[in-house]
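Q: Residues per chain, in single letters:
Number of protein chains: 2
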Amino acid sequence: MNLYTPPLRDIQFVLRHLAGLEEITRLPSWDGTDPETLEAILSEGGKFAAEILAPLNSSGDREGAVWRDGEVWMPAGFRDAYAAFVRDGWNGIACEPEYGGHGMPKLVTTALREMWNSASIAFALCPALNTGAIEAMSLCASTELKHTFLPKMVSGEWTGAMCLTESQAGSDLAAVRTRAEPHTDGSYRIFGQKVFITYGEHDMAANIVHLVLARLPDAPPGTKGISMFLVPKFLVAAGGTPGARNDVRCDSIERKLGIHACPTCTMSFGSGSGAVGYLVGEPHRGLEYMFIMMNDARLVSGVQGLAVAERAYQQAAAYARQRVQGRDVVGGTGSVRIIAHPDVRRMLMLMRSLTEAMRAFALTVAAAADRALAHPDAAERARSRSFVDLMTPVFKGWCTETGVEVASLGIQVHGGAGFIEETGAAQYLRDVRVTTIYEGTTGIQANDLVGRKIMRDDGAAIRQLLDLMQSVLPELAARAGHEFVAIRNALGDGLQALDHSVEHLLERYPADPRVALAGAVPFLKLTGIVTGGWLMARAALAVSTAAPRSDAAATFAAAKLVSAQFYADHVLTLAPALARTVISDPTGLLALDEAHF
Amino acid sequence: MNLYTPPLRDIQFVLRHLAGLEEITRLPSWDGTDPETLEAILSEGGKFAAEILAPLNSSGDREGAVWRDGEVWMPAGFRDAYAAFVRDGWNGIACEPEYGGHGMPKLVTTALREMWNSASIAFALCPALNTGAIEAMSLCASTELKHTFLPKMVSGEWTGAMCLTESQAGSDLAAVRTRAEPHTDGSYRIFGQKVFITYGEHDMAANIVHLVLARLPDAPPGTKGISMFLVPKFLVAAGGTPGARNDVRCDSIERKLGIHACPTCTMSFGSGSGAVGYLVGEPHRGLEYMFIMMNDARLVSGVQGLAVAERAYQQAAAYARQRVQGRDVVGGTGSVRIIAHPDVRRMLMLMRSLTEAMRAFALTVAAAADRALAHPDAAERARSRSFVDLMTPVFKGWCTETGVEVASLGIQVHGGAGFIEETGAAQYLRDVRVTTIYEGTTGIQANDLVGRKIMRDDGAAIRQLLDLMQSVLPELAARAGHEFVAIRNALGDGLQALDHSVEHLLERYPADPRVALAGAVPFLKLTGIVTGGWLMARAALAVSTAAPRSDAAATFAAAKLVSAQFYADHVLTLAPALARTVISDPTGLLALDEAHF
Chain A
16 MNLYTPPLRD
26 IQFVLRHLAG
36 LEEITRLPSW
46 DGTDPETLEA
56 ILSEGGKFAA
66 EILAPLNSSG
76 DREGAVWRDG
86 EVWMPAGFRD
96 AYAAFVRDGW
106 NGIACEPEYG
116 GHGMPKLVTT
126 ALREMWNSAS
136 IAFALCPALN
146 TGAIEAMSLC
156 ASTELKHTFL
166 PKMVSGEWTG
176 AMCLTESQAG
186 SDLAAVRTRA
196 EPHTDGSYRI
206 FGQKVFITYG
216 EHDMAANIVH
226 LVLARLPDAP
236 PGTKGISMFL
246 VPKFLVAAGG
256 TPGARNDVRC
266 DSIERKLGIH
276 ACPTCTMSFG
286 SGSGAVGYLV
296 GEPHRGLEYM
306 FIMMNDARLV
316 SGVQGLAVAE
326 RAYQQAAAYA
336 RQRVQGRDVV
346 GGTGSVRIIA
356 HPDVRRMLML
366 MRSLTEAMRA
376 FALTVAAAAD
386 RALAHPDAAE
396 RARSRSFVDL
406 MTPVFKGWCT
416 ETGVEVASLG
426 IQVHGGAGFI
436 EETGAAQYLR
446 DVRVTTIYEG
456 TTGIQANDLV
466 GRKIMRDDGA
476 AIRQLLDLMQ
486 SVLPELAARA
496 GHEFVAIRNA
506 LGDGLQALDH
516 SVEHLLERYP
526 ADPRVALAGA
536 VPFLKLTGIV
546 TGGWLMARAA
556 LAVSTAAPRS
566 DAAATFAAAK
576 LVSAQFYADH
586 VLTLAPALAR
596 TVISDPTGLL
606 ALDEAHF
Chain B
16 MNLYTPPLRD
26 IQFVLRHLAG
36 LEEITRLPSW
46 DGTDPETLEA
56 ILSEGGKFAA
66 EILAPLNSSG
76 DREGAVWRDG
86 EVWMPAGFRD
96 AYAAFVRDGW
106 NGIACEPEYG
116 GHGMPKLVTT
126 ALREMWNSAS
136 IAFALCPALN
146 TGAIEAMSLC
156 ASTELKHTFL
166 PKMVSGEWTG
176 AMCLTESQAG
186 SDLAAVRTRA
196 EPHTDGSYRI
206 FGQKVFITYG
216 EHDMAANIVH
226 LVLARLPDAP
236 PGTKGISMFL
246 VPKFLVAAGG
256 TPGARNDVRC
266 DSIERKLGIH
276 ACPTCTMSFG
286 SGSGAVGYLV
296 GEPHRGLEYM
306 FIMMNDARLV
316 SGVQGLAVAE
326 RAYQQAAAYA
336 RQRVQGRDVV
346 GGTGSVRIIA
356 HPDVRRMLML
366 MRSLTEAMRA
376 FALTVAAAAD
386 RALAHPDAAE
396 RARSRSFVDL
406 MTPVFKGWCT
416 ETGVEVASLG
426 IQVHGGAGFI
436 EETGAAQYLR
446 DVRVTTIYEG
456 TTGIQANDLV
466 GRKIMRDDGA
476 AIRQLLDLMQ
486 SVLPELAARA
496 GHEFVAIRNA
506 LGDGLQALDH
516 SVEHLLERYP
526 ADPRVALAGA
536 VPFLKLTGIV
546 TGGWLMARAA
556 LAVSTAAPRS
566 DAAATFAAAK
576 LVSAQFYADH
586 VLTLAPALAR
596 TVISDPTGLL
606 ALDEAHF
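As given, the protein sequences belong to chains A and B, one line each in that order.
Oh and the first sequence: position 99 is 114 in our numbering, straight run, nothing missing.
Oh and the second sequence: position 547 is 562 in our numbering, straight run, nothing missing.
Note that these hints are calculated values from the structure, not bench results.
Not one of these hints is a red herring.
A pair counts as met if it fits within one copy or between any two copies, since identical chains are not told apart.
Result set (DMTMM-like, lysine to aspartate or glutamate): computed pairs, CA atoms no more than 20 Å apart in a straight line:
hint, residue 1, residue 2
1, Lys161, Glu113
2, Lys62, Asp103
3, Lys239, Asp343
4, Lys161, Glu172
5, Lys239, Glu303
Please build the complete structure, drawing on both the sequences and the hints.
A: Below is the structure:
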C-alpha cells in the first residue's frame, strides 16, 4: 500500500521546462555533463529511494531509535541502508570534488533529496545534517581540520552533527551558554549541554563530528561572542582512524510526534575534564558561519515539505483508486471506487497541484543557486543570488506549511483508515509537522522575509520578481481555452495582491516594525502562493506550446493543465484574502495586555 | 503546564448575550429553572472537568487502552473517574427524567460537553456514545426494552455502544452485511463483524449495550433493508442484573494516531451460536433511526473540535507568557517572553478568535435545538428545527476542521518543544484529527449541506439565515470605532460571497450535481466562516452596548473586541476567496481519467 514511485516524469519536466537544466549543464562548473547523464543519476537515486529507503519508513517509525546508556540504536535496516548509501557514493553528491565529492549542481541534488526524503525523512536527515556540517567546514575550517575530517565526512564513513540549540537558546542563538576553554596545545575544552541535536548519536557511522556553538572566555555577550568548534565523538588517532573516546555523551533522546527513527539527542559536552574541541574559523564568528549554512538547511527543510507531500499524495491516490465505498452521485446502483466522488477528487487534486507547485519552486530556487555560484556573468550571479536570498524564507516557510496541509488531506482521503497508524497516512503528518519548526519556525522565516529580505533593499528584489512574474500574463492571455482564462485571472489578481502588500509593508515597517510583522506570516504565505501560481502557469504554457509527441506526453499535458487550473481556482484565489489580512490594522492585537490572552 | 481552566466567563457571556439563556429557561420544559442555577451546574461540571478528568488526559494518552484476550483494560484512573462521573449524576444530564435523567436543555449540556471534551476527549467519548444509544432507544425501542435497559444506561451503570461500521461499510452504511436471524422466542441471533466501535469493550461498566445495524433474512438490499438490534454484552438476568455472557467479543483494538485512551474495537457478533439480540423499533428502519440520532452525534463532534481548540489555546497562551526567547523587535537588549513577538500574538489570537466563534456557534445551535423541541409556538419550533438541520453539517464540518487548525497552531506556538510528546501540545492535534472523519467526514457533511439541506427547500433556510445575518450590518455601521469598520466590511463582503455561492449552487446542482459537489467543502467552510463572523460581530456589539460594570468586565469587553476584529481581518477575509473557488469550473477535474491521478 504505502510504497513509493519516484516522480521522475514530473521532475524531468520541471528540470527541462521550468528550471533550465540544459543551461545549467552549460555553466563552466558542469560543462561537459549532459542532461541525459544527470537524468540517469536521478533515476538511480530514485531507485535507491524506492527500493532501499521507502520500505524502512514505516518499520522505522514503529520501532524508533532507542537510547541505552549513552548509546543510540537505530531501527532494524537503517545501518545496512546507510552502508549502502555510502557504498553507492550518494553521500558526497553535493560536496566539493577536492575531498571526494561529486560537486553536482543543486538542481540535481535537490531532486535527489526530494526522493530520499519522500522515502524516509528520518533517514534522509542524517546525510542532510552531515552535508550541512561539511559545508560549514568547507567555508571556514583550517586546511588541517579539513584534511583530517572532510574526506571521511564526504564519503559518509563519519557523519556530522550541528550542535546549536540549548534549552534557553532555540530561535535565539545569542543566548548560547556552552563554554570553550583554551588548552595549552591550541585546542579547547568544551563544557555545556545541547538539546534537539539531530543524529547527535547513532550507530551507523564509525565517528560523529559535532560542530558546536560555544563562548570563549573573552567573548562579548550576545550574537557577536559565539564561536564554532569541531568536537569529534572519537578523537582522531595517528593514521586518521577513530581513537580515544571524547568527553561527549548522549544523555537521552526525545519522544517525539514524528520522525521516530531519527534520534533527537540531548548532548553533554565536558561532563568530565572537558570535551576536546577545535576552533573552526575565527573566534566569535560562529553565528555568522552558521547562518551561511543555515540558508541551505532551510532549503532542505522546504524540500522535506514537498517530499512528504508527494508521498502522501501517492498513497492517497492509490487508496482512492482501490477503495470501494458509496454510490455515484449522478446515479447507478452499484458502489464505486471513491476516486469517483467529486470531493475525493478535489482533495487529491489539491494535494497534487500543491505538490507540483512546490517541486517547481524547489527546482527553480536550486537552479538559481547554481547560477549564483557558477554563472560566468557577475550581474547574472548577483541577480540569482538575490533571488535565492529572497526566496529562501518563502520556500522554507510555505513548503513546510503546505506539506503539513497536504499530509493532513492525505489522512482525510483515507477516511477512518487514515486515523489508524497501520495505514501509514498518519505518519506523514506526524513526520512533516516538525518541518515548520526546525531550521527557524515559519514566524522566523516571515520575519526574515519582511524585516530583512524586503526592507534591506527597499523592495528591489521582490519588485524584480514581480516584474518577472507579470511577464507571463500576456502569454497566458494569448492562449485559447478556459483553463488559461482561469489561470490568467487568478494570477493577475494574485500579483496585484502581492504588489499592494509589498508597498504597504515598505511604508509601514519603518514607522512600526511590530505592525508590519503582525502580518508577516500571511505575507509569506501570499508570496509562496503567488510564486507557486506563477510556476504552475508557466507549466501550463509549457505543456501546451507544442503538440505532445506521445500518448504518455499527451496524458501528462492534460493532467498538468487540470492541475494548473485547479491551483488557480483553489489556491491562488486565496491571495487577495491574504493581502487584506496583511494590510489590516493590528493595533488592538499588539496593545492587548499579556495577561488578557 | 497542561492543566485546564474551564472558560466559564466566555461560556456565560455567550449563553446570556448570544444564545438566549433566559429565554430558554422560560420555555415550558424548563420553566422554573433560573439561569443562576444552570450557571452553578456549569461551574460544578467545569470543576469535574478540571479536577478529575484533565489530569488523566496525558497519562491516558501515554498508557492507552489495552486489549488482552477479548477484554479491554482502561488506563490508570479512568475507572475511578468514570465511577465518580456516574456517582455525581453527570451521565444523565441530557436524558429524559422518566428513566432517571435530568432533562437539561441542550444549551447547558453542550457547554458541559465542551468542558469534558477539553479535559479528555478520550474519556468524554464514553458518555457521548452512551447518550447517543439512549437517545436512539428513547425514540424507537419498545417499552419493555426501555424499562430493562434505560435506567441503567441513564445512570451510567451500563454504557451504550453504536455498532454501525463494517470494513466494507463506512460512510456507506447501505453496504452493511451483518445478519440477524429470527429466534423462536421472538429474539434474534446476530452474526457479523463490526469495526471502529468506540468503547465497544472496556472495564468501566458492569454491562455494555450494543446497538447493532444488521439485515433480516427478508431484508431488501440497500438502505431500506437495515434494522437495528440491541445486543447486550451480558444478557439481563431476573432482577435486572447482568447474567450470562452473550456471544459478543472484542477481537482487537486499533493502534491510532490519537485518543489512545479510548478503545476503538473490532467486535465479533455470533462467532458461536449467535449473539442474542432484540429488535429496536420496526424492521428495516434501522438507518432511519440511526440518522435521527446521528445529527446529535454530529453536533457532539463539532463540540469536540471547539473543546480541543480551547485546551490547545490555553496551553499555548500559558507557554507564550512564560517562555523567554529572543529580543523585542522594537529594541531593548534583554530577552522577552515570546508573547511579546507579533507573530506569536497573531497565532494565539487566531486560535482564540476561532475558538470563541466555535463556542458561539455551538451554543447558538444548541439553543435552537432547545427551541425546536420546546417552544410553545409551532412556527418558531419549525424555524428553529430548520436552522438546526441546516447548521448541523456546517457546525460539524467547520468546527472539526478548525479544531485541527487550532491544535496545529498550538504546536507551532511551542516551537521545538511542541514536537516533543512530553509537552502535550502534539496530543491535541493527534486527538482532534479524528473528528473530521468520524460521524461523517467533512466531505459527507458538505454533500449533506449542498445536496440535501440547500437543495431540498430550494435555499429557503439558508436565505432566511442570510437575512438574519444581514440584519446585523446596520447595527455595526452605527457603532463608532475602527473595529466596527473592519468587522462591518468583512462581514458585508462575507455575506455577499455566501449569497453568490448559494445562488450559484442552486442553479448548478440540478444540471450536474457533480459540478456543484466539487465545491461543496469550500462552500461548507465559507458558510462556517461567515456564520462565525456573524456571531463574533454580535459579540462585539454586545460587549460595547453598555459601559462595563467592573474592571473584569472591561477587560473581557476589550479582549472580545480585539478578538472580533481579528476574526474579521484574518478569517472572514477568506470568504470571497472561497466563493471564487465554489464558483470555479471543475470540468477538467471531473473529467480526468482515474488512472491519471
